[in-house]
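K.L.:
Model the full structure from these sequences, guided by the hints.
For reference, the chains in residue letters:
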Amino acid sequence: MNFKQQRDNFRAKKISAVEAVEESLRKIKDDQLNIFINHFEQEALSNARHIDNNFDDFIAKPLSGVPIAHKDIFCTEGLPTTCGSKMLENFIPPYDSTVVKNCLDAGSIMVAKTNMDEFAMGSSNETSYFGAVSNPWNHDLVPGGSSGGAAACVSANLTTISTGTDTGGSIRQPAALCGITGLKPTYGLVSRWGMIAFCSSMDQAGPFSRDAFGCAALLDAMASYDEKDSTSTKRQDTNFEESLSKNFGSLKVGVIKNIQELDISEDVINAYETSKTVLSGLGHKLVEVDFSELSSGICSYYVIAPAECSSNLSRFDGVKYGYRSKGEKDIANLYMNTRSDGFGDEVKKRILIGTHVLSAGFYDAYYLQAQKVRRMIKLKFENFFKDVDLIFMPTTLDQAFEKNRKSDDPNRMYKEDLLTIPANLAGLPAISFPNGFKNNLPIAGQLIGKYFAEDLLLNTTNKIQEVTDWHKMTP
Amino acid sequence: MAQNDTLIKGWQPVIGLEVHVQLMTNTKLFSPAKNQFGEDANTLVDLIDLGLPGVLPVLNEGAMKQGIKFGLATNAKIAETMIFDRKNYFYPDLPKGYQITQLHYPIVRDGVVEVNGKKIRIHQAHLEEDAGKSMHDKYDDKSVIDLNRSGVPLLEIVSEPDIRSASEAVNYLKKIHQIITYLDISDGNMSQGSMRCDANVSIMKPEDKEFGTRAEIKNINSFKFVEKAINFEIKRQIKILEANGTVEQETRLYDSIKDETRSMRTKEFANDYRYFPCPDLVPTNITEELIESVKENMDELPEEKQDRFMNSYNLNEYDAGVICADKETANFFEKVVENADVQLAAKWIIGDLNALLNKHDMDLQESKIDAENFSELIQKITDNTISGKIAKEVLEEMWNTGAKVSEVIDSKGMQQISDAGELENIIEIILNENTDQVNAYKSGKDKLFGFFVGQVMKATQGKANPGLVNELLKKKLS
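Residue numbers (this note's numbering), protein chains in the order written: chain A, 13 to 487; chain B, 87 to 564.
Worth flagging that the hints you see were computed from the coordinates, not collected in a lab.
Check the hints yourself; a few may be wrong.
[Stated by the list, open to error] Here chain A is said to cover these stretches of chain B; the calculated rule only asks that three of the stretch's residues, wherever they fall, bring their Cβ under 8 Å from a Cβ of chain A:
{"id": "1", "stretch": "139 to 146"}
{"id": "2", "stretch": "168 to 177"}
{"id": "3", "stretch": "366 to 373"}
[What the hints assert, rightly or not] In silico lysine-lysine, PhoX-like type, Cα no more than 25 Å apart, as pairs:
{"id": "4", "chain 1": "A", "residue 1": "Lys341", "chain 2": "B", "residue 2": "Lys228"}
{"id": "5", "chain 1": "B", "residue 1": "Lys224", "chain 2": "A", "residue 2": "Lys338"}
{"id": "6", "chain 1": "A", "residue 1": "Lys338", "chain 2": "B", "residue 2": "Lys562"}
{"id": "7", "chain 1": "A", "residue 1": "Lys415", "chain 2": "A", "residue 2": "Lys98"}
{"id": "8", "chain 1": "A", "residue 1": "Lys39", "chain 2": "A", "residue 2": "Lys25"}
No residue lacks a Cβ here, since even glycine has one placed at the ideal position from N, Cα and C.
P.N.:
Set out below in structure tokens:
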């Protein structure tokens, strides 16, 4: 069952919200993949009853009667929010994030919060304090990260929609590895209020669903101007679900020139070439673009993201909330031991890198240089978009990989984000969708659009999904 | 560079001040929590001030406008764009682990103020958030934190090293205090910490081309201590250099009880604050329209007020200067003269009232004197109800009890005797009792006139209208 069927059933009163939630919770309790950090039976059922009792108020809402799982990075009032870290294992926020509140208002029912890489730092979901998540297609493989739990949740059909966040590919890469659709919106479309910050200038929340339709409906719920987030953008509301049926006509789509030079696996390239013919078949014109300079983005990203994270994570010091090391006699030791014990290795590594690149004497060589590269990439995209409406490229270099395989080699792991990072650096929207299948594992491609072109991205993906079946495959 | 009158033992002090001013705004710099002093600990705290995970700052435009006002008042350049940086350091009363401040793009640059005819340049003034308060002496075995102050907007005003003596530093600080209180930028209350001062002090020989190594004295919280701390520091540095030592670049703390400065940390142990632009705040433009609207709504500056008082009240420069030294006195004056004689009011404010304030080390607001009552006092002098001498007694009573002027006069029977018939009777008696003196006066001893006046005053307990007494005495003795 996909999102649309589930919502239609609710709207047609074929299934109540309570029944939908009960079914979802049953599957969640049986989960063998370690997809969830917490689930909330009582709260979910009481919410579902409220929706059933006020059916008329909710029938027209974008997510009416549909169970949802939120990434455990979004603060939920009165319910634990761990961010995948020991540091926040017992942290209960006194407030809701805007995303969670928007989804509630849109008629969805939160049933659980999903596992993730610690503080969203990772590409395999293996840095979570609560253990790795298994890929629903093959339990020996990773689901991708950092929103690994959220992607696996939809892939394994435990819910039909879930939320994630994407700082360097954390929605698109796990969507790709789990065979579902995931969208990273334009920076500023979705409020960051209540979303625990990793790299504030790139963090952006977005939807997961099996297909573009589910993503469109969930984005309708998530997106809002929020005066509590200064980086959120005031703009005319677009109805993404409605825009799925719009006709944008024939588009110019940028495709990657000399893709063989990018260290991408043969299977992924084959799927890419097939998708190109699909795009042509839909009447779009393909234009080759030179992507080579954009690969410098990864170096820029791995300076800026740790720099911001080193500052954003300073608040976790054991003084006010969260983990605190026991029996400390002075403040320096309290800080040191709380942070040494409370953070995992990947987080500590990034804090150290970030601290270093911002230090006196290194700032210009690293941080400032990285910002220049970031600006260059932004300009490069602006130039691309003078000629094309969309850019199409693979989401990942390869398919899902084995647990522990790449964790020992940070450079290989960081390279995982090569194709996703440029959109984050530029703040552009990008959508990943399944576009192939090999070795019983999904393959994905992504479309990158101009600022606030989510409607076009969803529309184009939807058109592709009308003529292909990759998104319908389930593990 | 050097001015000889400020040399101390042949050394030229060079001083720059960093003044932290808490801004008067409804809410904090980046959160909707109230900006107030003196509430119960941790009651003025929002999620944002607690630094909870996931919270985000939103700039308070009111604070931005206060910064613009200060820029306009000091003829400074005002930034076109508001950009904030993060200053990273760990401290328990800094919940986020960083302070949001302006390192590279201060809201105000290149200002100037005039202090006793000398121009002192302001390098920059920038907005930043205050930290919370750590208290280590409340309990024996633990420290506690009050976050009411966390996030309160500050304007840090950094002067150029243009100051050459401790007393000049105090005058500069008083000038800043005058500007911020005149424009309602801050209440400027140093004892409550809404104005705090760091002083950078170095010394050099007049012929030296470069400044000496400076020490920074932190957190001085009164005008008096600014002068003392700087003077102590100058002497300390002279002693070191004259013994062929070297002054270390360091941060020092002024201990007002021992009247000395002590080392806090030296340069090697200085923090690396790892500043970088705060990604949570998008650059905000300061438009010409915004600056214009701030300008239109801006209160009069001290100099403007002084000019106006000279022109429209016909006060002399000195009187206008004293009355306009602080806004409260100037406002008080204007209220008083709505119904009272201007020159007499000025004389009494500058003289007797100021003397009382100084004697009790109070400001007008703290005293029991209100403008309306004081105005009545002046009116009573003008209309001869009481003499100047009696007025002093009435003022004393007003100061002590806050009583109404008319009540004091009535209850103590202090009205001036201006009834010619009554005075004539008294004069008659006195002249009859002192026939010797009358004869002496009449035979040419003019000086005795004062004696008769004194006798009348004595008989009337000072309440006789002196002008009338003079007139009547002259008539009787002629």
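K.L.:
Indicate, hint by hint, whether the structure satisfies it.
P.N.:
Quick rundown of the hints versus the structure:
Proximity of the stretch 139 to 146 of chain B to chain A, defined as three or more residues with a beta carbon under 8 Å from a beta carbon of that chain, is established by the 7 residues found. Counting residues of the stretch 168 to 177 of chain B whose CB lies closer than 8 Å to any CB of chain A gives 3, so the stated coverage by that chain holds, three being the minimum. For the stretch 366 to 373 of chain B, the assignment as covered by chain A holds, since 3 residues bring a beta-carbon within under 8 Å of that chain's beta-carbons and 3 suffice. With a C-alpha separation of about 10 Å, the suggested pair lysine 341(A) and lysine 228(B) falls inside the 25 Å cut-off, and the hint holds.
A C-alpha spacing of about 23 Å is found between lysine 224(B) and lysine 338(A), which places the hinted pair at or below 25 Å, so the restraint holds. With a CA separation close to 99 Å, the supplied pair lysine 338(A) and lysine 562(B) exceeds the 25 Å bound. Of the pairs offered as hints, the one joining lysine 415(A) and lysine 98(A) holds, with about 21 Å between alpha carbons and a cut-off of 25 Å not exceeded. Taking the CA atoms of lysine 39(A) and lysine 25(A), the gap is near 22 Å; set against the 25 Å cutoff, the hint holds.
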